[in-house]
Amino acid sequence: MMDKVTGGVQGIQSFTRLKNQTSEEVKQIQAQERHHKETTTKEPVTKEKIEDVVHGMNEFMSTSNTHLKFEFHDKLKEYYVTIVDDRTQEVVKEIPAKKMLDMHAAMTEFVGLLVDKKV
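Position 1 of the sequence shown, counted from 1, bears residue number 2 in my numbering, the numbering being contiguous throughout.
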(Lines of atoms letter the chains of each structure in order from A and count residues from 1; the text may use other names and numbers.)
(Lines give C-alpha, C1' and ligand atoms only; values in the text may rest on other atoms or scores of the structure.)
Protein backbone atom coordinates (compact mmCIF):
# COMPACT_ATOMS: atom_id res chain seq x y z
CA MET A 1 0.00 0.00 0.00
CA MET A 2 2.79 2.39 0.92
CA ASP A 3 4.51 1.60 -2.41
CA LYS A 4 1.40 2.77 -4.30
CA VAL A 5 1.30 6.03 -2.34
CA THR A 6 5.02 6.62 -2.86
CA GLY A 7 4.68 5.81 -6.57
CA GLY A 8 1.72 8.18 -6.87
CA VAL A 9 3.61 11.01 -5.15
CA GLN A 10 6.64 10.45 -7.39
CA GLY A 11 4.39 10.45 -10.44
CA ILE A 12 2.84 13.77 -9.38
CA GLN A 13 6.28 15.25 -8.72
CA SER A 14 7.63 14.17 -12.10
CA PHE A 15 4.48 15.52 -13.81
CA THR A 16 4.91 18.85 -12.02
CA ARG A 17 8.59 19.02 -13.08
CA LEU A 18 7.61 18.23 -16.67
CA LYS A 19 4.86 20.85 -16.62
CA ASN A 20 7.22 23.49 -15.21
CA GLN A 21 9.90 22.55 -17.72
CA THR A 22 7.42 22.77 -20.59
CA SER A 23 6.13 26.17 -19.50
CA GLU A 24 9.73 27.38 -19.16
CA GLU A 25 10.47 26.17 -22.70
CA VAL A 26 7.37 27.98 -24.00
CA LYS A 27 8.47 31.17 -22.23
CA GLN A 28 11.94 30.80 -23.70
CA ILE A 29 10.57 30.35 -27.23
CA GLN A 30 8.28 33.35 -26.81
CA ALA A 31 11.21 35.45 -25.60
CA GLN A 32 13.26 34.38 -28.63
CA GLU A 33 10.37 35.33 -30.96
CA ARG A 34 10.05 38.75 -29.30
CA HIS A 35 13.79 39.28 -29.61
CA HIS A 36 13.70 38.24 -33.28
CA LYS A 37 10.86 40.69 -34.00
CA GLU A 38 12.71 43.49 -32.23
CA THR A 39 16.04 42.87 -33.96
CA THR A 40 14.72 42.44 -37.48
CA THR A 41 14.09 45.71 -39.19
CA LYS A 42 11.36 45.92 -41.74
CA GLU A 43 13.09 46.50 -45.01
CA PRO A 44 10.97 47.53 -47.97
CA VAL A 45 10.27 44.75 -50.42
CA THR A 46 11.89 45.58 -53.72
CA LYS A 47 11.17 44.20 -57.15
CA GLU A 48 14.65 42.62 -57.19
CA LYS A 49 14.00 40.74 -53.94
CA ILE A 50 10.70 39.42 -55.27
CA GLU A 51 12.35 38.36 -58.52
CA ASP A 52 15.07 36.52 -56.56
CA VAL A 53 12.48 34.67 -54.49
CA VAL A 54 10.42 33.78 -57.57
CA HIS A 55 13.56 32.60 -59.38
CA GLY A 56 14.49 30.39 -56.41
CA MET A 57 10.97 28.96 -56.21
CA ASN A 58 10.95 28.26 -59.96
CA GLU A 59 14.27 26.40 -59.65
CA PHE A 60 12.80 24.38 -56.78
CA MET A 61 9.66 23.61 -58.78
CA SER A 62 11.50 22.77 -62.02
CA THR A 63 11.39 19.04 -61.23
CA SER A 64 7.59 19.14 -61.32
CA ASN A 65 7.55 20.96 -64.71
CA THR A 66 5.73 23.98 -63.28
CA HIS A 67 6.61 27.61 -62.60
CA LEU A 68 5.22 30.56 -60.67
CA LYS A 69 3.63 33.56 -62.26
CA PHE A 70 2.49 36.68 -60.43
CA GLU A 71 -0.76 38.19 -61.69
CA PHE A 72 -2.20 41.60 -60.79
CA HIS A 73 -5.88 41.82 -59.82
CA ASP A 74 -7.04 45.15 -61.26
CA LYS A 75 -10.04 45.79 -59.01
CA LEU A 76 -8.30 44.93 -55.73
CA LYS A 77 -4.90 46.29 -56.77
CA GLU A 78 -3.21 43.18 -55.33
CA TYR A 79 -1.04 40.40 -56.69
CA TYR A 80 -1.88 36.72 -56.64
CA VAL A 81 0.22 33.72 -57.64
CA THR A 82 -0.54 31.23 -60.37
CA ILE A 83 1.22 27.90 -60.79
CA VAL A 84 1.54 27.16 -64.50
CA ASP A 85 2.32 23.85 -66.20
CA ASP A 86 5.43 24.30 -68.38
CA ARG A 87 4.28 21.92 -71.12
CA THR A 88 0.67 22.98 -71.62
CA GLN A 89 0.88 26.53 -70.16
CA GLU A 90 -2.30 25.64 -68.26
CA VAL A 91 -2.91 27.23 -64.86
CA VAL A 92 -2.66 24.43 -62.29
CA LYS A 93 -3.46 26.49 -59.17
CA GLU A 94 -4.10 30.07 -58.13
CA ILE A 95 -3.18 31.35 -54.68
CA PRO A 96 -5.57 32.80 -53.59
CA ALA A 97 -8.13 31.66 -56.12
CA LYS A 98 -9.00 34.36 -58.67
CA LYS A 99 -12.70 33.59 -58.20
CA MET A 100 -12.38 34.40 -54.50
CA LEU A 101 -10.63 37.67 -55.32
CA ASP A 102 -13.36 38.51 -57.85
CA MET A 103 -16.01 37.78 -55.21
CA HIS A 104 -14.17 39.93 -52.67
CA ALA A 105 -13.97 42.79 -55.17
CA ALA A 106 -17.67 42.49 -56.01
CA MET A 107 -18.63 42.48 -52.32
CA THR A 108 -16.40 45.48 -51.65
CA GLU A 109 -17.99 47.31 -54.56
CA PHE A 110 -21.49 46.40 -53.37
CA VAL A 111 -20.78 47.56 -49.81
CA GLY A 112 -19.36 50.76 -51.25
CA LEU A 113 -22.57 51.33 -53.20
CA LEU A 114 -24.65 50.85 -50.06
CA VAL A 115 -22.50 53.17 -47.96
CA ASP A 116 -21.92 55.82 -50.63
CA LYS A 117 -25.56 55.99 -51.77
CA LYS A 118 -27.38 59.14 -50.64
CA VAL A 119 -30.78 58.71 -49.01
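In case anyone wonders, no lab produced these hints; they're calculated from the structure. Just so we're clear, the structure is a prediction, and the values are computed from it rather than from any experiment. Watch out, some of these pointers could steer you wrong.
DMTMM-like cross-link-like pairs, simulated, lysine to aspartate or glutamate; straight-line CA separation at most 20 Å [what the hints assert, rightly or not]: (1) Lys70 with Glu34; (2) Lys50 with Glu72; (3) Lys70 with Glu60; (4) Lys50 with Glu34; (5) Lys78 with Glu60; (6) Lys100 with Glu79; (7) Lys94 with Glu72; (8) Lys48 with Glu34; (9) Lys50 with Glu60; (10) Lys94 with Glu79; (11) Lys99 with Glu72; (12) Lys48 with Asp87; (13) Lys70 with Glu52; (14) Lys70 with Asp87; (15) Lys78 with Glu34; (16) Lys50 with Asp87; (17) Lys70 with Asp103.
Quick list of the computed label-pair ranges, beta carbon to beta carbon [stated by the list, open to error]: (18) Glu60 with Lys94: 11 to 21 Å; (19) Met58 with Lys28: 28 to 38 Å; (20) Phe111 with Asp87: 36 to 46 Å; (21) Arg88 with Arg35: 20 to 30 Å.
Backbone N, C-alpha and C define an ideal beta-carbon position, used for all residues, glycine too.
Hint check against the structure, violated hint numbers in rising order: Result: hints 1, 4, 5, 8, 12, 15, 16, 21 break, sorted rising.
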